[in-house]
Structures are given as structure tokens and as C-alpha cells.
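Peer 1: Below, each chain spelled out in residue letters.
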Amino acid sequence: MDPFTVCPRESSMTELLKTEDLRKAFGHFTAVDGVNIHFTTDALTSIIGPNGAGKTTLINLLTGSLPVDSGKIFFKGREITKIPTDERVRRGIGRSFQIMNIFPMLTVFQNIQLPVLSLLHKSLKFFSRLDAHRDAIDEVERILKEGGLWEKRDMLAGELSHGDQRLLEMGIAIASKPELCFLDEPTSGMNPVERVKILENIRKLSDEKRTTFIIVEHDMDVVFSLSDRIVVMHRGSIIADGKPNEIKENQNVKEVYLGEELGEEST
Amino acid sequence: MENLAFQGLVGLSLAMYLWLIAAGLTIVFGVLGILNFAHGSLFMLGAYFAFTFYGLFGINFWLSILLSLIGVALVGLIMERFFLRHIYHLDVPYQLLLTFGFILIFDDAVKMTWGGVFMIPPMPEFFTGAIPIFGRPFPIYNLFIIGAGIGVAIGLWLILERTWWGRIIRASASDREMAGAIGVNIPILFTTVFMFGAALAALGGALSTPVRVVAPGIGGAVIIQAFVVTVIGGLGNLKGAFVGAVIVGVLTAYGILLFPIFELFIIFVVMAVVLLLKPEGLFGE
Amino acid sequence: MIEHKGVSVIGRAYGKIPTLLLLALIVFLFLLPHFVGKYVMYMTMHILVLSVFALGFNLLLGYTGLLSFGQAGFYACGAYGCAKMLLVIPSLLPGIICGVLFAGIIALILGFLCIRHTRIYFAMLTLCFGMMIYSLAWKWRTMTGGDDGLVGIPRAPLEIPGIFSINMSSLGNYYYFVLIVCLLAIILFYRIVNSPFGLTLQGIRDSESRIAFAGISVKNYRLIAFTIAGLYAGLAGALLPPLESTVTPPLAHWTHSAEPVLATLLGGIHSFAGPIAGAFLYYVIKDIIVRFTEYWLIWLGAIVVALVIGLPGGIVSIFEKRLVPWIRLRFAQGSRR
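Protein chains in written order, with the numbering used here: chain A, 327 to 593; chain B, 118 to 402; chain C, 15 to 351.
Source of the hints: derived by calculation from the structure; they are not laboratory data. Beta carbons: idealized from backbone N, C-alpha and C, even for Gly. Keep in mind that the hints are not guaranteed to be accurate.
To be verified - With a Cα cut of at most 20 Å, we get these calculated EDC-like pairs of lysine to aspartate or glutamate: (1) A:Lys503 / A:Glu467; (2) C:Lys233 / A:Glu413; (3) A:Lys471 / A:Glu534; (4) A:Lys523 / A:Glu534; (5) A:Lys448 / A:Glu467; (6) A:Lys344 / A:Asp554; (7) A:Lys402 / A:Glu467; (8) C:Lys233 / B:Glu397; (9) B:Lys228 / C:Glu308; (10) A:Lys569 / A:Asp554; (11) A:Lys503 / A:Asp359; (12) A:Lys580 / A:Asp567; (13) C:Lys233 / A:Glu467; (14) A:Lys408 / A:Glu467; (15) C:Lys153 / B:Glu380; (16) A:Lys344 / A:Asp457; (17) A:Lys448 / C:Glu222; (18) A:Lys478 / A:Asp457.
Said to hold, decoys possible - Some, not all, of what chain A presents toward chain C, calculated at C-beta under 7 Å: (19) Phe400; (20) Lys448; (21) Trp476.
Make a model of the complete structure from these sequences and hints.
Peer 2: Structure follows, in C-alpha cells:
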């Protein structure tokens with residue numbers, strides 16, 4: 327039985343992010359080639375495509391990790407094309423990384439404490455004790471307990487197992503309470519048990535409707551069971567965009583994945 | 118007007134020492150990724166060796182320079198092979214700390230071997246004297262230095278563009294992993310490049326002996342200037358090092374002429390301006 | 015990420031050094047003048063001053079991941095600022111405050127230029143700006159006395175006009191002043207690094223890219239950290255003129271910048287008390303070696319090389335590795351929840 331049945335969502339939806347003709351090239355290699363896309367609150371979207379399709383570059387452009395060559399990005403109606411990452415985050419964008427990007431020399435607790443304090447606008451306080459901020463501490467406790475990392479809260483993040491680091495990775499991303507959160511291959515390298523845990527978390531958070539997830543994934547099981555909408559990229563452009571069963575039947579998509587079976591496990 | 122032109126020439130000769138040091142520094146950084154804080158000490162060792170050979174032992178000037186290069190290259194070999202090799206995987210602060218430790222060691226080692234007083238080396242006979250340029254006598258040795266500096270620049274360009282070793286260096290500088298993957302022996306490459314960089318610094322030191330005092334601590338002053346030059350020109354960029362050296366050399370000379378109190382300060386101001394406008398340096402990426 | 019070999023994270027340093035031991039140490043320091051001579055008092059003051067200097071430096075290195083080789087420039091600003099003030103108004107507090115503020119302002123200005131850059135450029139820039147200050151101190155005779163420096167600086171009384179005035183001419187009295195000021199500075203530093211700000215700095219050190227995604231504007235935090243480090247260097251420098259009665263340009267030279275670097279490396283980059291322990295070790299080692307040979311730099315250099323290759327965590331990491339389990343059993347953990 328499929329544990330992640332797609333729940334019908336409410337009909338009200340807001341447009342969160344929109345791009346106009348986004349372009350990015352590295353020398354002669356065009357990674358993102360005139361992408362027009364928009365994300366709304368009512369759908370959990372997956373972005374798929376062969377390696378080199380431009381998925382991660384697109385995420386980097388949307389989150390501000392890379393500057394665009396041309397084109398525009400709008401978030402909640404306002405243009406953010408030239409706005410730095412930290413400002414975009416403050417406006418409600420979040421992200422987890424494909425290559426592990428946690429704070430290795432801090433404890434698990436502190437890893438979550440950082441974005442929580444930032445959300446509460448308390449990061450600049452240099453004279454108050456960390457443990458005086460009970461609101462932050464309670465929130466960190468809540469997040470860690472939900473994610474199942476509470477017992478390991480005093481371990482150094484760098485010493486965690488790979489699967490736990492992935493959980494932490496996602497925890498840091500959602501601790502900032504983003505409205506739009508990009509997850510870059512959230513299950514890569516995980517064993518089936520860990521994978522289920524993470525997917526449950528994503529589904530639960532998505533159902534609470536406060537965060538809209540955009541997931542870049544290679545694992546088709548995950549993609550088809552989780553997504554309300556699938557976007558397929560190839561060579562920097564979007565070649566298909568629609569509901570999962572539409573994508574399954576799409577001829578272009580099948581051609582692109584020639585040689586790869588839909589449902590192939592990622593490494 | 119002639120004064121200015123003359124001073125410009127003075128600055129140019131000053132620039133050549135800076136170029137020699139900066140070249141070695143920037144090549145080592147470009148290929149190994151290490152910023153060698155002790156590079157100035159290698160300059161100092163080059164000066165001491167050269168001085169010892171031709172000032173104290175009376176060996177032929179050119180031979181002394183060659184011996185000095187060999188000597189310092191050997192020092193570089195030991196530094197890289199036995200010490201630097203262990204820290205390539207560590208972060209930048211540790212590299213700087215390690216090479217800083219070497220500065221301390223070299224400074225005292227020099228004091229122990231040659232004593233702490235500064236020494237004034239003799240000028241080789243065929244370079245004594247001056248010829249009139251722009252109406253004033255310009256030391257022949259300085260002309261030689263300018264020529265040598267340009268010669269080194271051309272030589273380096275030829276090596277990098279035309280030789281097999283040079284091509285490997287350029288490849289490794291831009292993509293170390295790829296170079297390793299196609300079979301370049303990285304450890305040996307690193308060692309030879311480091312020795313080459315050390316030899317360049319030593320050349321600067323050796324050539325400077327007839328016109329500068331030789332004393333412990335001259336390495337310190339020189340490394341600062343080398344840093345300024347590479348910041349202005351762009352780290353890892355040879356063309357930038359040359360241009361940066363010329364800028365710093367000429368400006369220092371003009372500073373001495375026009376604003377004697379603040380000539381050192383001017384260089385830093387120029388560096389600050391470059392950093393504000395183009396942080397990667399004039400030729401950096 | 016700065017690789018570490020089994021060194022604990024800064025937040026864990028507290029709770030490992032038992033409070034009783036700390037109190038005993040402080041009491042010992044207060045009683046010191048009663049049973050030692052001037053030389054030891056003098057050296058202790060220098061150790062305290064270097065501790066403050068090194069703590070500020072380590073805020074940048076250990077906590078934020080920035081190596082600054084130019085802190086001596088701010089030290090000199092503190093020293094010269096205090097000296098100039100004391101020569102005009104012979105009162106201790108205005109002198110110290112003037113020195114600290116001057117250093118802080120210069121740090122703010124230079125920091126703005128420095129922190130926009132990557133780690134290597136940052137180190138080079140701090141080195142160059144430190145030397146810029148040195149060249150000014152050396153050449154600007156009218157303001158700074160040139161290479162003779164400023165002389166005849168009085169060890170002015172500690173006073174608030176109308177309320178009290180404590181004479182400082184005895185070394186013992188000045189010792190207590192330095193001790194109290196340094197202890198206060200250390201306590202303040204402890205608060206800073208265990209605050210949300212301190213945690214954010216460590217996040218910046220661990221992953222600059224990730225911390226941006228926590229909504230942190232990295233440059234601002236670096237600038238603040240740089241300024242605090244400058245203020246601490248300035249405080250250390252400001253305590254010097256009344257003790258030595260002269261200030262000279264070498265205070266700004268990069269070889270002086272090396273002192274907090276060495277002290278921190280010796281004591282441990284990734285622990286709170288590292289710089290303090292290192293300051294102590296630095297002077298002790300120097301004192302011991304100098305008795306045998308005038309060539310003590312070569313030994314210091316050898317120690318640095320050995321430490322970087324063999325023990326990047328510094329001396330404190332040895333202490334923590336062996337003693338920690340024992341201490342954990344005996345004493346409760348420091349409060350964090």
C-alpha cells in the first residue's frame with residue numbers, strides 16, 4: 327500500500343515564485359536556457375531530469391547562490407533577481423543541499439538553534455546568554471523531536487551517520503519556516519528505512535500547508551509517490567510539466583530517459 | 118620633467134625585484150594553492166648565499182648567483198617535501214601559520230650563521246659606475262636589473278607556453294584533479310614548482326645584494342611588498358604580478374621623490390583602492 | 015572547514031574547567047603581589063595583556079574562521095591613543111577609553127575593506143593594513159614621535175574627579191588595575207561567545223554558504239567580530255603605556271601581530287581558554303629558552319611547525335582529551351538547556 331496517498335488540497339492557491347526567461351551559462355555550456363516556470367502553494371512539485379539537465383543550477387539561481395545571466399525571478403510578486411541569498415531567505419525561501427552542508431563542529435542542537443534564532447531575529451544579540459532564550463530552545467526541541475534527532479542533540483554534527491546528517495540537513499532547512507523550500511536530492515545515499523522517515527517528514531510538513539516543497543530527485547519511486555506535479559528538465563529547458571500520470575505517458579520524457587527506466591534507484 | 122622620467126626608471130628597477138619575488142609567490146599559489154608566507158625568507162636566503170659566495174669567498178658573480186639559486190632550491194625542496202606536504206589538506210590559516218613558523222626559523226638561523234649585523238656586499242666591477250640618462254647618472258647595475266627582470270618575464274612566458282613542464286603547470290593550476298587523473302605526478306610536480314618558485318625568490322635576493330644591505334629581517338619587508346603586488350595584480354596571475362610590481366615600484370619611487378614621509382603609505386592606499394574597485398586584482402578572476 | 019584532530023567544540027569548554035579551580039586561580043592572582051617580586055608581577059601583567067589581545071584575535075580565527083595577521087595595528091592604535099591622551103590629561107580612565115575607542119574606530123573602517131574578501135585575501139589584507147599603521151607610526155614624526163616614539167608617559171592615577179583618586183605609581187597598584195580590567199574583559203568575552211551572536215559566528219566559520227540560508231548576512235557579522243577583535247587589541251595596547259612609559263612603532267609591526275597568533279596556536283584555537291593558556295605558555299617558553307640561548311625564535315618557529323603538523327588543536331586539546339572523561343564524571347555539565 328502506498329503510504330503517501332496524495333491528499334486533495336484546498337482549491338485556494340497562491341503563486342509563490344515565477345521566473346521569466348532565466349538563463350545561465352558557464353563558458354560555452356548553457357546550463358539553464360530560457361526557463362519560464364512558476365510554483366504555487368497547492369502542489370508539491372518534483373523536478374527531474376537526466377544528469378546535467380540543469381536542475382541544481384536552476385535551484386542555485388532561484389535561491390541566489392549563483393547570479394543569473396539574464397531573466398527575472400519574482401517571489402510573492404516582488405522581483406528578487408538581484409537580491410542576495412540571506413534576504414531571499416528572510417522573505418521565505420529555503421533550501422537543503424545535495425552535498426551535505428551542515429555545521430560540522432556544532433552540536434545537532436546548535437545546528438537547529440542557528441536558523442531558529444535567526445528567525446526570531448535574535449542572532450545579533452551578543453550580550454545575552456544562549457540558554458536565556460527559552461522560546462528558541464523550545465522550538466529547537468520541537469523540531470528535533472519531530473525529526474527523531476532529539477536523543478542525539480549533543481553529538482557533533484560532523485560525527486553523525488550519513489542518514490542522520492541528511493535528516494539534520496533537512497531540519498536546518500525547515501527550521502527557518504520557509505514558505506517555499508527547495509530540497510536537493512533529500513534521500514540520496516540513504517537506506518530504505520531512513521528514506522521512509524524523511525519522506526514521512528516531507529509529507530507531514532507539506533500537508534500542514536505552511537511550506538511548499540520543490541524537490542529535485544532521481545529516485546522515481548519517491549517522485550511518483552510524493553508529487554502533485556512533476557517538472558522535467560533536459561539540457562537546460564523544461565520539456566514537460568504536469569501531473570504524475572501525464573508525465574508517465576509523455577513521449578518526450580520517455581525519449582529523454584531512453585536507457586533509463588523510470589523507477590530506477592538513485593545511487 | 119626629466120626628474121620624473123629618471124625617477125620612473127628608478128622605480129622600474131625597484132619593480133624588478135618585486136616582480137621576481139611576486140612571480141615565485143604567485144606561481145606557487147597558482148599550482149599548489151599555498152600562500153607561502155616564508156617566501157620573503159627565501160629571498161633573504163638567496164641574498165645571504167650570493168653574498169657569501171661572491172662577497173666572502175670571492176667566487177665569480179654569475180656563478181655565485183647560480184649557486185645561490187641551487188642552494189635555496191634545495192631549501193625549498195626540504196620545506197615542501199617534509200613539511201608543506203602534510204598540510205595541503207588543511208585550511209588556509211594552518212598554511213599561513215606553518216610558513217610563518219618557517220619565517221621565525223629562518224630569521225634566527227641566518228642570525229646564527231652570519232651574525233645579526235647587516236652587511237654591505239661589494240658591487241662587481243663590470244657593473245660599477247653609471248651612465249647618464251635624462252641628464253643624471255643612472256647606475257649601470259640598475260639597468261642590468263631592469264634587463265634581468267624583463268628577461269625573466271620573457272623566460273617564464275616561454276617556459277609556460279612552450280615547454281612540456283610549463284603546459285603541465287598551466288593545466289594543474291586550472292584543474293588539479295583533472296591533471297592528476299590524466300597521469301600527472303602531482304607530488305613531484307608540486308615539489309618542482311615549489312623549488313622553482315623558491316629559486317625565483319632567491320634570484321631576486323641574489324640580484325639585490327650589490328645594491329641593498331644584507332641583514333636578517335629583510336625578508337619581512339619584502340614579503341609585505343610581494344603581498345601588495347599580488348593583491349593588486351591578482352593572486353595566481355603572472356601577468357598581474359608583473360604589472361603590479363611595475364605599479365608598486367614606480368609609485369614607490371615617485372613617493373620617495375614627492376611625498377617622502379608617506380611613500381610606504383601610498384602603496385597601501387593604492388592597494389586599498391584596487392580592492393574596493395576590483396577585489397580579485399587587476400587581472401584576477 | 016578547519017580540520018581538527020579530536021578537539022572539542024568551543025561551547026563545550028565550559029564545564030570542563032571546574033569552577034573551583036578557576037576561583038583558586040583568581041584568588042592566587044590577587045594574592046600574587048604579596049609573595050613575588052616586581053619581575054614576576056611585570057611578567058604576569060604582560061601575560062594578562064597578551065591574553066586579552068589573543069582572545070580578541072581568536073574571536074576572528076577560532077570562532078569566525080578568519081586569520082588576521084594585522085591585529086598589532088589595533089594594539090598600537092590603543093597604545094598610541096592612550097599615550098596621547100595621558101600626555102594631555104594625566105588620568106588613567108580617559109587614557110584607556112581613548113585608546114580603546116580609537117582602536118575600535120580604525121578597526122571598523124579597515125574591517126569594512128577587509129571582510130569583503132576570502133580567507134587568503136583577508137589574511138594578506140590584514141597583514142598589509144597592519145603594516146600601513148606601522149609605516150604611519152614610524153614616519154609621522156609630528157604625531158607619533160617617529161621611530162623614537164612617545165616617551166615620558168605618566169602612570170596616571172585612577173580617578174573619578176570629586177569621588178576618588180588612586181595613585182598608580184606603585185607597581186602593585188597598577189597590577190591590580192590591569193588584573194581587574196583583564197578579568198572583566200575575559201568575562202565579557204565569555205558572554206559574547208556564548209550568546210546568539212557567538213553561535214552565529216561559529217556557523218559562519220563552519221559553513222558560510224549554509225548560514226546564508228539561515229537568513230544571516232555574513233558580512234555584517236564579520237565586520238562586528240572584526241571590530242570587537244580590534245577593541246580587544248586596543249584595550250591590550252592601552253594598558254601598556256602606563257606600564258612601560260613609552261610607546262614605539264614596533265608595537266604595530268607584523269612580528270608583534272604574530273604574538274596572539276602564536277599564543278592561540280599554542281593554547282588551542284578551538285577552545286575558550288586556549289588563548290589565555292597560550293599567552294601563559296608563550297611567555298614561559300620564551301623566558302626559559304632565553305636563559306639558554308639568544309636564539310629563541312628558532313625554537314618558537316620549530317614549535318609552531320610541530321604544532322601545526324602534529325597538534326593543530328593546541329595544548330588545550332591534550333588537556334581535554336585526557337582529563338575530560340574524568341571531569342565529566344565529577345562535575346555537572348555547563349548549562350545549555
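Peer 1: Each hint needs a verdict: does it hold in this structure or not?
Peer 2: Outcome of the hint check:
1. A:Lys503 / A:Glu467: holds, 15 Å
2. C:Lys233 / A:Glu413: holds, 13 Å
3. A:Lys471 / A:Glu534: holds, 17 Å
4. A:Lys523 / A:Glu534: Between lysine 523 of chain A and glutamate 534 of chain A the Cα gap is close to 17 Å, so the pair holds against 20 Å.
5. A:Lys448 / A:Glu467: holds, 17 Å
6. A:Lys344 / A:Asp554: holds, 18 Å
7. A:Lys402 / A:Glu467: violated, 31 Å
8. C:Lys233 / B:Glu397: holds, 17 Å
9. B:Lys228 / C:Glu308: Distance of about 10 Å is within 20 Å: holds.
10. A:Lys569 / A:Asp554: holds, 6 Å
11. A:Lys503 / A:Asp359: The given pair, whose Cα atoms are some 31 Å apart, is violated under the 20 Å limit.
12. A:Lys580 / A:Asp567: holds, 13 Å
13. C:Lys233 / A:Glu467: Violated, because 29 Å separates the two Cα atoms, which is more than 20 Å.
14. A:Lys408 / A:Glu467: Violated: lysine 408 of chain A and glutamate 467 of chain A sit about 35 Å apart, past 20 Å.
15. C:Lys153 / B:Glu380: holds, 10 Å
16. A:Lys344 / A:Asp457: violated, 40 Å
17. A:Lys448 / C:Glu222: holds, 19 Å
18. A:Lys478 / A:Asp457: holds, 18 Å
19. Phe400: With a closest approach of 20 Å, the phenylalanine 400 of chain A hint is violated.
20. Lys448: Hint on lysine 448 of chain A: holds, closest Cβ of chain C at ~5 Å, below 7 Å.
21. Trp476: violated, 12 Å
In summary, the structure is inconsistent with hints 7, 11, 13, 14, 16, 19 and 21 from the numbered list given earlier, while agreeing with the others.
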